[in-house]
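Asks: Given next are the chains, with one letter for each unit.
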Amino acid sequence: MNKLRRAINNSDLGRFRFYVQLLFFAVLIYGGYLALNLGNQLPTFACLYSDLHGGSCYLLGFQHQMVTPWPEMFGGRGIGILIGLATFVAFFVVFNKAWCGFICPLGTIQDWLSSLRSKLKIRPASYSEPVFQRLSRIKYILLALLILLPMAIGNSFFGLPKLSHDWGVPFCMICPGRTVLPLFTGDFSQLAIDLSSTTKLTLTALGMAITGLFFLGSLVKPRFFCLFCPMSALHYIFFRAGLLRLTKDGAKCTRCGNCYRACDVGIRAIADDLESTNIVKDDCMMCGKCIEVCPEDGCLRVKFLNLPVYESSAEGFFTRMERKNNGK
Amino acid sequence: MKYFGGIDIGSTSIKLVLIDEEKRIVADATCPTGSHFHHNTMTAFEGMLIRGNIARHEVAYIFSTGYGRKLFKESDETISEITANAVGAAGFSREGEPVQTIINIGGQDLKVIQLDRQGQIQNFAMNDKCAAGTGRFLEMTARNLEVEVDQLGELHHRARGVPLTINSTCTVFAESEIISLLAGGHGKEELIAGVHYSIAKRVARLAKRFVGEGAVFFDGGPARNRGLVDALEDELMRPVIVPPTPQITTAFGAALLAMEACEDPEEPERG
Amino acid sequence: MENERLQRMRKTTRLHLAMEAEETLQRLEEFPERPAAMEYFYALFRRISNGDGLTSLAGEGKVIATMCMQVPQELILAVGAHPLRLCSGANAYDQVGAEFMPAKSCPVIRATLGMLKVNYSLWGDNLASIVIPTTCDQKKKACEQLTNMGYPVYSLEMPAGKDSDLARYYWQESVKQFAHDLEGLAGRRLTAAGLRGAIGKVGRAAALFRQLHRLRGNRPPLILGSDLFLVYNAYFFDDIERWSAAVEALTAELEERRQNGVRVTNRRAPRLLFTGSPPIFPNFKVPVLVELSGGIIVADESCSSTRLLSDAVAYDEAALNDMVPAVADRYLKPCTCPCLTPNGDRLRKLVTMAGELEVDGVVYQAFSGCLPYEMERQQVNEVLSERGIPMLYVETDYSPEDSGQLSTRVEAFIESIKARKRRKVRTK
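So the sequences go chain by chain: A, B and C. At the far end of the first sequence sits residue 328, using the numbering used here, and the numbering has no gaps. At the far end of the second sequence sits residue 271, using the numbering used here, and the numbering has no gaps. At the far end of the third sequence sits residue 428, using the numbering used here, and the numbering has no gaps.
No lab work stands behind these hints, which were simulated from the structure alone. Treat the hints loosely; a few may be bogus.
[As the list claims (entries may be wrong)] Using C-beta positions, here's what the derived DEER-type ranges look like: (1) Gly388(C) <-> Leu116(A): 54 to 62 Å; (2) Gln379(C) <-> Phe184(A): 17 to 25 Å; (3) Ser164(C) <-> Phe173(B): 26 to 34 Å; (4) His36(B) <-> Ala245(C): 31 to 39 Å; (5) Ser128(A) <-> Gln379(C): 27 to 35 Å.
[Claimed, not checked] A few chain C residues that face chain B, going by a derived Cβ cut-off under 10 Å, partial list only: (6) Ser293; (7) Leu357; (8) Glu358; (9) Arg377; (10) Gln379; (11) Val383; (12) Arg387; (13) Gly404; (14) Gln405; (15) Ser407; (16) Thr408; (17) Val410; (18) Ala412; (19) Ala419; (20) Arg420.
[Unchecked claim] Each computed EDC-like pair below joins lysine to aspartate or glutamate, with the alpha-carbon atoms no more than 20 Å apart: (21) Lys421(C) <-> Glu74(B); (22) Lys70(B) <-> Glu401(C); (23) Lys201(B) <-> Glu175(B); (24) Lys121(A) <-> Glu317(C); (25) Lys349(C) <-> Asp12(A); (26) Lys328(A) <-> Asp12(A); (27) Lys70(B) <-> Glu30(C); (28) Lys119(A) <-> Glu401(C); (29) Lys252(A) <-> Glu356(C); (30) Lys252(A) <-> Glu144(C); (31) Lys421(C) <-> Asp116(B); (32) Lys121(A) <-> Asp322(C); (33) Lys421(C) <-> Glu263(B); (34) Lys70(B) <-> Asp402(C); (35) Lys208(B) <-> Glu382(C); (36) Lys424(C) <-> Glu260(B); (37) Lys2(B) <-> Glu74(B).
The C-beta atom is built at its ideal place from N, Cα and C for all residues, glycine as well.
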């Protein structure tokens, strides 16, 4: 058992992650071929707009449900909404934020673009901590909008007129998942601007712009889009219930900052927070890069329930660095 | 009957103490360290045995301490004078008021030891590299005033005027200061009192960090000097306990440790 | 006239250095159960101290000398130069330095400057630069003094703290500039492959260091702390690969000792943690006294020992734009030098080490003249006494004059720990 654990801790998590990402990418994008479907409440960007999807994103249905007028929402249909939410949460808690780091196809595409950038020897952009903090607020605004806008279709706020149904799934209209994921099945139809109404025109045009930014951004900054992702914001409401956890033992931390530098989403707390044990922050995607570069035994750990899955160790650190230093 | 010996080989004098199994002092001796200190120590040791009417083989265990502790081959073990001093002084604790601060003035050094209520060493401080405020300072004063060191205490109490101020803490500079004060026509008594206050001030400065709860114990040869004791009480602003023969406390502590070592043999070095 | 005087001074200083080095080495050799692998280090220090000292190492290739562990060694190795840390522990050089340095200055700086003054003509053209990070005030001012002596000096700017993003950015920029300037000094370009190789070399040394650190903490102790100070000190100037090979041999021998139950002290010897001003050969006065008095140094925290290699560089992408900042971070973020403010990390490190290695007490050495260490004593004392760990604070310098006083203090400290341990056993 100890031998196994040691072998795991000495292993290259990054490589493992690459294959897991590939697997889930195949399942979520091409699962339809095998009639595979994980449901429509997935806490990740698998997209219903992509025909062969093997499961789809919760946000689409969630936005739809938000259109429900108040009386019905607190009546019979409310139960349906709750069941949907419960399914979402049930999916989510199993892998916690690892949905982002290991499963999300949009995340995977960004990681591929990052390695392309690295191969092209383009310097990645780095943001200072205040910039990160300012940017990370945007996703909460998006989350609020994707709830409030559909609500304003079924209900009237402050006596204002109700919004048109064109605002039904506002986030999907601007989400790069809708435009990008179908491309992998040869479907380019989403790459268009819908001229049927001003609202749709505005939203789809914005969507096209964001798609452009998505490609450009992730070629400059690793996981650029994740900083604005409202799914990540929704995750963060439930992360404490996660069965998979990233924990830190502050007493073992030397604040060397290796983890902070490795972190694609610039979470400074990973290096500087010595008090928290549960160290998952809203941008965290549990990619585990921080654990790989931590040279202190048992300082950073991934646990499932309370069982350690993968943890930092001096031996693992030096084994991995040696491999890297030899150019492998 | 078994006896235990403590030998404190200091810079100016050697102190020897023998205790019995009841921790009572059965004999003690003091001799100057001199240049043939091994010979002197042996002579004093043998003299003490004769006076106490004790045979050498009856002395079960000997601890030596002080600067020369490692040079004296007759002893079974050595111990630093700080530990020995602490053990010796802790024996003078009174009911409800344990000794928690020890001030020791030796021939060439000055120590303050802080103990907890159980008599274990908590902290200690020593003067560094300098004989200021030590027995040597008193000897120098006596020599310049052409009196015996033993007379200093009595002369201190005869002072009528205000004690004179000695500014230098360095023994060498203080000597010339004393000479010029004498030349200025000042009284010997006031000068001696001034010297005592100058030493006491220095000691108090070192001790202030440690003096807290519990009694303050003052030992070492210079503690026999009543003038210095009074000056120290003034500077510390509290009473101090001075044992009847203050110069042998450390040797007494070493003897107690010798007895303890016999009762409670430490584990062998290897094995 | 001046020249003859300098020559005489150099001759006498050489003699003094050889004498004090031999004295320290002999005292180390007198301890029982010395590991055979230590021979390499004894021989190395004999060679260095018996002759022209560090200048004799300047023979092969460009030398980039440093006066602090804060200079990124990986960069120097990456441009093919030999990093050489000058910090001296020799009283002989201290006495030379005392002729022109203030009496209250730090003996490390005084001795190093003394050495550089007296040995000026011995350095060939190979000495490309002396790199001094702007850590403590005395190092900053040493830059000017050395420039006046005629040395090529590079002042590597370092922030006064490390917690803010600003400090990190400042230091990264400073190191980037240094990396750029190094190319000129060493006459070779800095390449990603070169830097990756250098990070690999230092990383291997760090991995070995960790093994050694684990072994020295063994119960019962397998090696003297004083011996290990010698090993770490050798890292100042030895070729990194030779050093790593020697340490590998040492760890192998210690591992064997561990399995065979060989040990260097008795079972109850007080386990001590050494911290504060750096013990630099030949000034091992305090550590040797501690171990002669029956204590054993099982851990230490100083810039001439554990701090040298406790941390290792980790980079994400093998490109210079990621590796250079990664190297920079390793020299600032985990640093526990008291010249940084705040320096809570040092307190945490001490407390962690004391707990992990089950130490019975802490020996705190402060060189008179090193104000940052002298001032931090208060905080260290506080956190340790909260945890019931006794501490001995020793203010000293390179002169042997206080040995008598020191030995009494050290022995009393160790005796008091022994008494404490005995009491614990009794009450159990």
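Asks: All hints, please: hold or fail.
Replies: Taking the hints in turn, this is what the structure says about them:
Judged by the Cβ atoms, the range 54 to 62 Å given for Gly388(C) and Leu116(A) holds: they are separated by roughly 57 Å. Under the hint 17 to 25 Å, the C-beta atoms of Gln379(C) and Phe184(A), about 59 Å apart, miss the expected range. Between Ser164(C) and Phe173(B) the Cβ separation comes to about 50 Å, which falls outside the hinted range of 26 to 34 Å. Separated by about 54 Å at the C-beta atoms, His36(B) and Ala245(C) break the suggested range of 31 to 39 Å.
Taken as a hint, the range 27 to 35 Å holds for the pair Ser128(A) and Gln379(C), whose Cβ atoms sit roughly 30 Å apart. With its C-beta approaching chain B no nearer than about 8 Å, Ser293(C) sits inside the 10 Å limit, and its interface hint holds. For Leu357(C), the shortest C-beta to C-beta distance to chain B is roughly 22 Å, which exceeds 10 Å, and the interface hint is violated. With a least beta-carbon distance of about 18 Å to chain B, the hint placing Glu358(C) at the interface is violated under the 10 Å criterion.
Using the Cβ-Cβ criterion of 10 Å, the hint placing Arg377(C) at the interface with chain B is not satisfied: the shortest such distance is roughly 13 Å. Taking 10 Å as the C-beta cut-off, the interface hint given for Gln379(C) is violated, the closest approach to chain B being about 17 Å. Evaluation of the Val383(C) hint against chain B yields a violated restraint, the C-beta minimum of about 16 Å exceeding 10 Å. For Arg387(C), the suggested interface contact is broken, since its CB lies about 15 Å from the closest CB of chain B, more than 10 Å.
Because the closest C-beta pair between Gly404(C) and chain B is about 6 Å apart, less than 10 Å, the hint holds. Annotation: Gln405(C) was flagged as interfacial toward chain B, and the flag holds, the nearest CB pair being 6 Å apart, inside 10 Å. Hint on Ser407(C) holds. Least Cβ distance to chain B is approximately 8 Å, under the 10 Å limit. For Thr408(C), the interface hint holds, the least distance from its beta-carbon to any beta-carbon of chain B being 5 Å, beneath 10 Å.
For Val410(C), the interface hint holds, the least distance from its beta-carbon to any beta-carbon of chain B being 8 Å, beneath 10 Å. Using the Cβ-Cβ criterion of 10 Å, the hint placing Ala412(C) at the interface with chain B is satisfied: the shortest such distance is roughly 3 Å. Because the beta carbon of Ala419(C) sits about 6 Å from the nearest beta carbon in chain B, less than 10 Å, this interface hint is met. Restraint check, Arg420(C) versus chain B: the minimum CB separation of about 6 Å is within 10 Å; hint holds.
The suggested pairing of Lys421(C) with Glu74(B) is violated, with an alpha-carbon distance near 28 Å, which exceeds 20 Å. With a C-alpha separation of about 18 Å, the suggested pairing of Lys70(B) with Glu401(C) holds against the 20 Å cut-off. Distance hint between Lys201(B) and Glu175(B) is fulfilled; the C-alpha atoms sit about 17 Å from each other, no more than 20 Å. A C-alpha spacing of about 9 Å is found between Lys121(A) and Glu317(C), which places the hinted pair at or below 20 Å, so the restraint holds.
Taking the CA atoms of Lys349(C) and Asp12(A), the gap is near 29 Å; set against the 20 Å cutoff, the hint is violated. With a C-alpha separation of about 11 Å, the suggested pairing of Lys328(A) with Asp12(A) holds against the 20 Å cut-off. This hinted pair checks out: Lys70(B) and Glu30(C) have alpha carbons roughly 17 Å apart, not beyond 20 Å. Proposed proximity of Lys119(A) and Glu401(C) is contradicted: the alpha carbons are some 62 Å apart, above 20 Å.
With a C-alpha separation of about 10 Å, the suggested pairing of Lys252(A) with Glu356(C) holds against the 20 Å cut-off. Pair hint Lys252(A) plus Glu144(C) does not hold up; C-alpha atoms about 40 Å apart against a cutoff of 20 Å. As the CA atoms of Lys421(C) and Asp116(B) are separated by approximately 15 Å, the hinted pair is consistent with the 20 Å bound. Taken as a hint, the Lys121(A) and Asp322(C) pair is honoured in the structure, with Cα atoms around 11 Å apart against an allowance of 20 Å.
A C-alpha spacing of about 17 Å is found between Lys421(C) and Glu263(B), which places the hinted pair at or below 20 Å, so the restraint holds. A C-alpha spacing of about 17 Å is found between Lys70(B) and Asp402(C), which places the hinted pair at or below 20 Å, so the restraint holds. For the suggested pair Lys208(B) and Glu382(C), the alpha carbons sit about 18 Å apart, so the restraint of at most 20 Å is met. Distance restraint check for Lys424(C) and Glu260(B): the Cα-Cα separation of roughly 16 Å lies within the 20 Å cut-off, and the hinted pair is therefore satisfied.
At most 20 Å may separate the alpha-carbon atoms for a hinted pair to count; Lys2(B) and Glu74(B) meet this at roughly 17 Å.
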